[in-house]
Every structure is written in structure tokens, then in C-alpha cells.
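Novice: What follows is the residue order along each chain.
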Amino acid sequence: MNVRRVAVIVRKELTDAFRDKRAIYSLLIGSLVGPLLVTFMLRSIAQQQRGAQAIKIPVVGQKNAPLLVDWLGQQGGVEIVDGPADPEKAVRERVEDMVLVIPKDFAEDFDRAIPASVQLVSDTAQTASQAKVRRLRLLLQRYSAEIGSLRLVVRGVSPSIVNTLSIEDVEVSSAQQRAAPIFNLIPLFVILAAFTSAIQIATDSTAGERERGSLESLLLNPVPRMEIVIGKWLSAAISSAGGMTITLVLVTLALLLVPFEDLGIRFTFAPAQMGRLLLTVLPMALLAPALQVYLASFARTFKEAQQYMGYLIMVPMLGLMGGVVFPRAVGPWMAPIPILGQFELATEIIGGEAPSALAFGLAALSTFALAALFVWLTGRLFRSERLIVGR
Amino acid sequence: MIRVEGVRKQFGSVTAVDNVSFTAADGCVTGLLGPNGAGKTTTLRMIYGLIQPGGGSIDVDGAEVTADPQTAQSRMGALPDVAGLYPRLTSREHIEYFGRLRGMPETTLQANLSHWADTLGMADILDRRVAGFSHGERARVAIARALVHRPRNVLLDEPTNGLDVIATRAIRDVIRRLRAEGHCVVFSSHIMQEVSALCDRIVVIAQGRVVAEGAPDELRAQTGHENLEDAFVALTGLERLDR
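Going down the list, the protein sequences come from chains A and B. Residue 338 in this note's numbering sits at position 339 of the first sequence; the count goes up by one each step and never skips. Numbering-wise, this note's numbering comes out as the position in the second sequence, counting from 1, plus 1191.
Chain B extracted, bound-state conformation (with noise of 0.2 Å):
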């Protein structure tokens, strides 16, 4: 379980994230929805330890991400907005690098590898240096890689971003079968469809804060629009940006 509470970041004068709370429950997908810019990456990049807060306070399993940031990383898996490969190195290597470096014993190591590899379609691409790969089969590796301990709690940041739909879909059966497996699934996405397919609830970011949160239901009933597009304009104000 992830609480996030009045979390703040200012770089300079912009105010990037202002008192952004949720909770995201286990078994549970959370969906942080919002247009480009809204501070989705940086509440993502704050959960993850990768910058200071400036306020409030995230806990991941009950470690405090700022006062113990390696427990709370233990405890969770994390795909980035960008998450770049090594050109010379195969999937295998790139799974094992992350794995070692978290320290996993090599026999549960090897064991959640071929997991991932099954989980997701890797067979093939396994023992091949990744200079070359798809868009969609550098997806899979840095899923099994940013996944390899199998954490509780997954944050992933626009992660079907720029894929076609077979990686697209693969991703999604993912982060179906996580929920199912009673783990804690944080995505972010700009995109409708994809909020609206998965999401158990929905948090609306706009300009840094949060707007709305509910189910979709809950979002649709709460703007009068029956599509969740027109109820997503209505809580960000982006039409009126537009006019």
C-alpha cells in the first residue's frame, strides 16, 4: 500500500506537484490520470525516492520514503518515464544486473526470471544483446527488469507509451494479473481508454494538484458527463485553456 500526503515539489519559482494525497490500496489499480505536465512524473519520481519531496510525506508498506528511501525501494518496482537500456548487454544480463544488485539469492533470481520471461513472451529475446530490439520487446525488458524481485507495490509511468497494441496489450494483462495476485499497481497515463479499462480508481492531476479521485463511476457521476473523455476535460479545466 502507497499513502502519499500533502506531498509538494517546487523546482525554482514552478510549482510542479502542490498537496498531492492518495492512497493507493493493494489489489488495487490506482491510475494517475492527467495531461502532459501535469506533475505525474514527479509525484511518480517523489514515490520512488528519486527526489526529495518538498512537503508532506509518502509511505510505501510503512517505510518512510524520504527517512528510509532503501527499505521503501525494497519494497517496491518501478518502471520510469524513461527507462533506457544497455545497447551491449542481453534481456538475461540486464534482469540478472538488477536482480544482484538487490542483493536476491541466484536461485530466486533465476526463478523469477523465467517467471518474467514467461509472463511476458520473452523466450526468444532473452539471450540477445538489446541494440536492435522493438519498442515493444525494450518494454518487456525494462518491466522484467524493474520487476524482478517481484515487489508488492508497482509504479509504472506511462508504460504502454509509444507501444503497438500486442506490447500494449501484453502490458496490460500485466498489470491485470498483478492486481489479481493482490499487489498494489500505480500507472499514470494521459490516455482514456486505457485509465478507464484498468483502473479500480482514478486520480485526476492537473497543474500539480489533484482534481478528482473515484472510481470511473464515481468520476462520471460527479461531472454529468457520461464519457469519461468529456469528464476528464471537465475536471482539468483544459477546455477552458483552450478557449
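Looking at chain A on its own, in the form it has when it is part of the complex (with noise of 0.2 Å):
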């Protein structure tokens, strides 16, 4: 192989998509989504944990019963307010978060020893304000039982009695695992970034050539049909690895963007664990564009080649839902098999673990093998004739 005309036409090639103004923004602009959609998610659960503890109860009706509103304000981190004029509006267009609403006949229920109905007006699916409700309702809930067991204490009955159930919260879930999913997102935007990135040139360099008839002109030279072959790809690859590491860098700055100490988290991403990461999924920026490479070269035009990209990126997605359907499934045995071993590997990194040399190294080589396989299956695409008559 001749190395200096390998890179003639990565120069080319290289030269050519970066002049190309519109398809360069189009990346950036689409490799910011990713380190900013984990930014948001990641900032939300900790304003939802935040949020949870200290709460605003509006109150309507308060002079119906002075004694519940007095004990919940007396509650760590409660705060009483007046209640809207409207409180089904003001929840449904989300002004408030809930309304607690004592009608007036509460005082007469309640002297009477029949239960008092209070309302608790609420959205079930704003997810955002359910953990403010959850804890109202227990508010209200131990309120009703203090007043029950002191009425039965009136009447000369041990409260322990009516308790014929002693029921203990063991919390698993916590604000750490709920982060979790989001952090496995990285991997994700990280792998598909070696995906798009690689686009613009692989269509272009194959699809485009063929459909502008500039193909033909081009395998007049006497070059070997496997180093053009090698050119386009390598040239997808320094693309798709300049995608990758774009994306990292701008998730490990928007991760500074999250307030990690109220999600509870002490999480730390040095420079250290980001350049192992990107050490684990840069093989991907050579299989990522072999495949694109090799499917490209079936189309006869660039739109048809886009198309089959649109397919060609469901893999990695595919690879993520597998692992969010069958969590159980996921484990070290994927580190051998290109694209999820790059999966688990990432995850595990971000997780703060450090993958064993073996598993590295067997991700790295598999990876290898199989771009290696469609750069070779591309070579052979481009020796047959129907590249040129093909129609």
C-alpha cells in the first residue's frame, strides 16, 4: 500500500467536507444535544430533591381548621401560604404545584369525631411536583393518626390496637440511582457521535461521487481500488474520532453544570477517566465509518446513502434499549463484541470502575476485526464493475 497516496486523498477528502459550511454546523449543533440533555435531566432530579424537602403548602380555608394548619407549619421545612382563588385552575395551569383545600364543614366533622375531608388538588402527571405531594400527604396522614390515637386514648384504648400492622420504609432508590440511567447516556451520545460524524464524508465520498459522476474519473488513476478505499474511510474515521472527542469534552464541561452535592453524588470526572474513556470507544471511529463506508457504496445517490445511515444508526440504539429492557442481560461478557463491549466498558468508567487490560483489549481488537472486514468488503464492492454500469 502507498501510504502517500492514502494521504492525498484523505487531504482531499478532508479538504472537501470541511468546506462544506452547512454539514459542519449541522454536527456541532447536533454534538451539543447530548452533553446538554444529561446536563438538564441530571439538574432537574436535583431540583426535584431539593424541592422535596422544603415545601410551599397554599392553603385554602385555613380559618376552618386553625389547629392542622398550625401543626403542618410547625413541620421541619414547611412554609403555609393563602391558597388561590381557584385551586383546580391554578394546579392544572401549573402556578401551584398543589392546593390543600379544608372545606368549611371541617371543624363540625371533625368536633363531631366523624372524619373531616380535606382536599389535596394536585397533577398526577406533573411528575416534577409528585415528591411535594407524596410528602404532604404523609404530613397529613400522620396528623390524622396523632388525632386518632389521642381519641382513643380519651376513651381509655391503647392506640396500638387499631395498629395491626407496624410498617417500615426501606428506602433502595435514591437519588444516586436514579442518576444512574442518565449517566449510561454518555456512553450512548459518545457512540453515536462516531456515527454522525462520520456521515457527511462516507455518503459524500462514496454515494455523492457516484451520483456527481466525478467516480468514474477518479478510479481512472492508477491507484489501487483498496487504498482509495482506505482513504475515504480513514477520512470518515479522523471525522467520526474528532465527533467522539468533541462530544466528551462537551459532556465532561456540562457536567460542571450539575450540582452533584444535592443529588447526594460525589461524582468526580478527572482528565484522567475522561482520556480512558475515550481510549475505550475511539475503535469505534474506525468500525462506525466502515460500516457507513460499506453501505454507502450500494447507493447510487447521497440522499438514498443518508437513508441507509438513517438504518445503519439504529444499531447503537438498538444496543442501549437491549440493555434498558434486559438490564440483568448486561454484564462483562459484552466486553468481546464491538459496539456494546464499548458500551459496558464506558459505563463501567463512568461508574468509577476500572475495566480489566483483557476486557480493554479484546473490545479494541474485535472492533478492529470487523472494520477491517468491511474496509476489505468495500475494496472488494469497488473492484466489481457494477459500481460503474451498476444502475
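Simulated from the structure, these hints should not be mistaken for lab results. Glycine is no exception: its CB is placed at the ideal position from the N, C-alpha and C atoms. Treat the hints with care, as some may be off.
With beta-carbon atoms standing in for the labels, derived distance ranges [said to hold, decoys possible]:
#1 B/Arg1368 - A/Val2: 46 to 56 Å
#2 B/Gly1323 - A/Tyr310: 42 to 52 Å
#3 B/Pro1278 - A/Trp332: 43 to 53 Å
#4 B/Ile1382 - A/Leu376: 41 to 51 Å
#5 B/Gly1246 - A/Gly330: 54 to 64 Å
#6 A/Tyr310 - B/Gly1405: 49 to 59 Å
Some chain B residues well away from chain A (every beta-carbon gap over 12 Å; in silico) [said to hold, decoys possible]:
#7 Met1192
#8 Asn1210
#9 Ala1216
#10 Met1237
#11 His1306
#12 Gly1373
#13 Ala1403
#14 Gly1405
#15 Gly1428
Two chains, two separate frames, one set of hints: put the complex together.
Specialist: If you want it as C-alpha cells, here you go:
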């Protein structure tokens, strides 16, 4: 293989691609989506976490149950405010997360010891306010139980008689755990970037070249077809590696905006960790373009090729979806499988673990091998005359 | 010199080229004349090693195209039927790209580049991106790119197709110059005036076969038609198809 000739092709393809300003901008904007999404989701979990502890309770009809309102106001982190005129409208329009309505006959029922109703107005569809609603409900239940116990004591009955069960909540889910699936999105975005960043060159230098009619002239040069394919593949690979690096750097920067103390997580994404993550996923920059260049070589037009690229990107997506549907199946056995291996190892690294050199090597080797196979297949395709005369 | 001997090509059940033989000598312009779909482009594509002949042999200055396509390709320059350009590259970049792919030393490349820029009158378009070029400008870039290594053997597939008078003249001048310099030039066309004005030898192809070969005068004598167009129609049997 003549390295200088391959370099000539790489130089031309990169020059050509980087002059396509619109493609470059759309690529940059595309690579912002992942980091911003991860940051946004983590921040909103942190916000919910903060929000659940301190709640503001708008109460309508405070004078109907001054004792209850006083009791609520005495609980830690609770602030009582006047309720809106139309509670349901306020909640529906998300002016308030919830409203407690105490009807006029509350006092009368309460005094006669028949269940006095209060209304808790909330919107179940609004997930963000659920933690607050849950807290208010628990407070009300506690008040109810306390009053009930007092009534029994007054009548000379031990309150423990009515408590047939004593339920203790042992909460295993934590903010950390809720945050974990979001961290797992990071490898997905980085691996997706391997595909999206290479699409432009992979399609333009194959199907695009066929569509423009420049391929025939190119193939008239005394250059082995395999070198032409390797040049095009490497150009796409460079673009792919660039896109992955940019995405990873943006993720790292974006994570600086997440208040991890509110999530109760001690999360540090050190440069060394980022380097290891990049090294782990970087073999994808060789595989993704190899698959793309091969597929795009079957297409006669740029548009047709773009469509194939759309299907191809489902591959990493399906990988992650499989992990979500069968979380128990996820494990170190995936390491030697290209794409899945990178997912697994990247997830481990983000989780603060250090994957073994063996797993790392297996993932890289199998990915290189698959990439080489597809480059070879593309070379064979380029040698066949259906590339020229194929309809 | 290009020698084509008994070349055939089949696409599925269609015989595109059937036993075509001719020789294109140095210092001579050889025209492949034939109606659309006669097999001219397929024959040329086999000569420049783009598709494999189904039989026969093609020899370019002693290099067998099927056996050693790269040596044969290094001894020729070809302007194919469709010579698309890269819209985001300049004319200069097009020429340099192909020159470097051919492994030309940089000094030779630059010398040849200015030679073609002069010959084809490309000075004002050399450093412009080709997006938005006129037909004529595109044709100049395509020719300069194809002939950047100043090859001994030159193949042009309908080079004046769709061009205006000025661009057509420029290309005809190039063909005459190449002949004067002793190159072997093969070009295909379906335009009679062009072929009779430029060619030393004409190979008439119809339905994948060589139906006549010779100097323009010989063809006129052979068919008894004073007008080359009448001779062409008589040779290809097109008139019979029309009736």
C-alpha cells in the first residue's frame, strides 16, 4: 500500500468536507444535544431532590382548621401560604404544584369525630411535583393518626390495638440511582457521535461521488481500488474521532453545571477518567465509518445513502435499548462484542470502575477486526464493475 | 499506441460490444463514430480498465489492460463520458489531486498544471471553486485533470458534448496539438462534421460491431457517398431501422 497516495485522498476528502459549512454547523449543533440533555436531566433531578425537602403549601380555608394548619406549619421545611381563589385552575395551569383545600364543615365533622374531609389538589401528570405531593400526603396521614390515637387514649383504649401492622419503609432507591441511567446516556451519545460525525464524508465520498459522476474519473488513476477505499474510510474515521472527542469534552464541561452535592453523589470526572473513556470508545471511530462506507457504496445517490445511514444508526440505539429492556443481561460478557463492548466498558468507567486490560483489549481487537472486514468488503465492491455500470 | 483485438462485452443477455478490433497509432487521431448506444462508451471503458472485457485483448504501449491495469492506466489519460467535478474544490485542486494520485513529482506537476492552464485558457478560473462553472469551464477542468501527466495515449469520450462553439474549438485545438506532438488520440463522437474535420482514421461502430474502418476518404469511396453523413447512415444501417 502506498501511504502517500492514501494521504493524498485523505487530504482531499477532508478539505472537501470541511468546506461544506452547513454540514459542519449541523454536526456541531448535533454534538451539543447530548451533553445538554444529560446536564438538563441531572439538574432537574437535583432540583426535585431539593424541592421535596422544603415545601410551600397553599391552603384554602385556613380558618376552618386552625389547629391542622398550625401543626403543618410547625413541621420542618414547611411554609404555609394563602391558597388561590380557584385551586383546580391554579394547579392545572401549573401556577401551584398542589393546593390543600379545607372545606367549611371541617370543624363540625372534626368535632363530631366523623372523618373530616380535606382536598389535596394535584396533577399526577406533572412528575416534578410528585415528591412534594407525597410529602404533604404523609404529613396529613401522620396528623390523622396522631389525632386518632389521642381520641382512643381519651376513651381509654390503647392506640396500638388499631395498628395491626407496623410498616417500616426501607427506601433503596436514591437520587444516585435515579441519576445512574442518565450517566449511562453518556456512552450512548459518544458512540452515536462516532456514527453521526462520519456520515457526511462516508456518503459524499462514495454515493455522492457516484451521483456527481466523478467516481469514474477517479478510478481512471492508476491507484489500487483498495487504497482509494482506505483513503475514504480513514477520512471518515478522522471526522468520526473528532466528533467523539468534541462530544466527550462537551459532556465533561456540561457536567460541571450539575450540582452533584444536591444529588448526594460524589462524582468526579477527572481528566484521566475522560482519557480512559475516550481510549475505550475510540475504536468505534474506525468501525462506524467502515460500516457506513460499505453501506453507502451500494447507494447510487447521496440521498439514498443518507437513508441507509439512518437505518445503520439504529444499531447502537438497539444496543442500549436492549440494555434497558434486559438490564440483567448486561455484563462483562459483552466486552468482546463491538459496540456493546464499548458501551459496557464506558459505563464501567463512568461508574468509577477500571475495566481489566483484557476486557479493554478484547473490545478494541474485535472492533478493529470487524472494521477491517468491512473495509475489505468495500474494496471488493469497488473492484466490481457494478460500481460503474450498476443501475 | 492502442491495440484492441476481438474485444467483447456482455451485460446480462445484451451484447454491448461484439468482437471489436482496431488500432490507434501514435501521431494520429482515431475517431470512434457511431450512433448512441452503439457500444462506443463501453469499448472506451474497457480500454481504460474500468470494466473487464468478456474476451479479446487490449494493449496500451505494450501493457495489457486486463493483466496490468495500473501500468496501462499510467500510460494513458482519459476523459470519460461523464466527468463530474467536486463543487467545493478549485480548478487547481482538481488538477493537483489527480497529479498527486498519479505520484507525479511536485515540480513536474506544477509545470504541467501551468501548461494546461495556458493551453486551455484557464488562468482566470484556476483558483475558483468549480461550483457555478459553465459547461465549457467544467470541460476545461476535466480535461486538464485527465491529462495532467501529459500521457502518450489520450482517450476522450464525446468531449464536445453539450459545449458551446468556443469551448468546442478549444478542445479541437487541443486534439490537433496532441496529434502534432505525436500523441495517440482516440475520441468518440456521433457528430459527423467533427469526426471528418479531426480524424485521420475513423472506426464506425454500430450495434457493438465495427462496420467500417479507414480514412474519411476511404469511407466515402467504400460507400459511394460523397457526403460523410450519407456514408455513415449507409454503413450503420440506420436508415433501414427508420423505415
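Novice: Hints first: check each against the structure and report whether it holds.
Specialist: Hints, verified against the model:
1. Checking the proposed 46 to 56 Å range against B/Arg1368 and A/Val2 shows it is violated: the Cβ atoms sit about 37 Å from each other.
2. One distance hint, 42 to 52 Å for the beta-carbon pair B/Gly1323 and A/Tyr310, is violated here, with the actual separation near 34 Å.
3. Here the CB-CB span from B/Pro1278 to A/Trp332 is close to 48 Å, well matched to the stated 43 to 53 Å.
4. At roughly 43 Å, the beta carbons of B/Ile1382 and A/Leu376 sit within the given window of 41 to 51 Å.
5. Roughly 59 Å separates the CB atoms of B/Gly1246 and A/Gly330, a value that falls within the hinted 54 to 64 Å.
6. For A/Tyr310 paired with B/Gly1405, a C-beta distance near 56 Å keeps the hint of 49 to 59 Å intact.
7. Annotated as non-interface, B/Met1192 keeps its C-beta farther than 12 Å from every C-beta of chain A; the closest such distance is 18 Å.
8. Annotated as non-interface, B/Asn1210 keeps its C-beta farther than 12 Å from every C-beta of chain A; the closest such distance is 20 Å.
9. Taking the minimum C-beta to C-beta distance to chain A, about 22 Å, the non-interface status of B/Ala1216 holds against the 12 Å cut.
10. For B/Met1237, the requirement that its beta carbon stay farther than 12 Å from each beta carbon of chain A is not met, with the minimum near 10 Å.
11. At roughly 19 Å, the least C-beta separation between B/His1306 and chain A is larger than 12 Å, which holds for a residue marked as non-interface.
12. Even its closest Cβ contact with chain A, about 22 Å, leaves B/Gly1373 beyond 12 Å, as expected for a residue assigned away from the interface.
13. Non-interface status of B/Ala1403 relative to chain A is upheld: no Cβ of that chain comes within 12 Å, the nearest being about 27 Å off.
14. For B/Gly1405, the requirement that its beta carbon stay farther than 12 Å from each beta carbon of chain A is met, with the minimum near 29 Å.
15. With 12 Å as the threshold on Cβ separation, the claim that B/Gly1428 sits away from chain A holds: the shortest Cβ distance comes to roughly 26 Å.
Checked against the numbered hints above, the structure violates hints 1, 2, 10; every other hint is satisfied.
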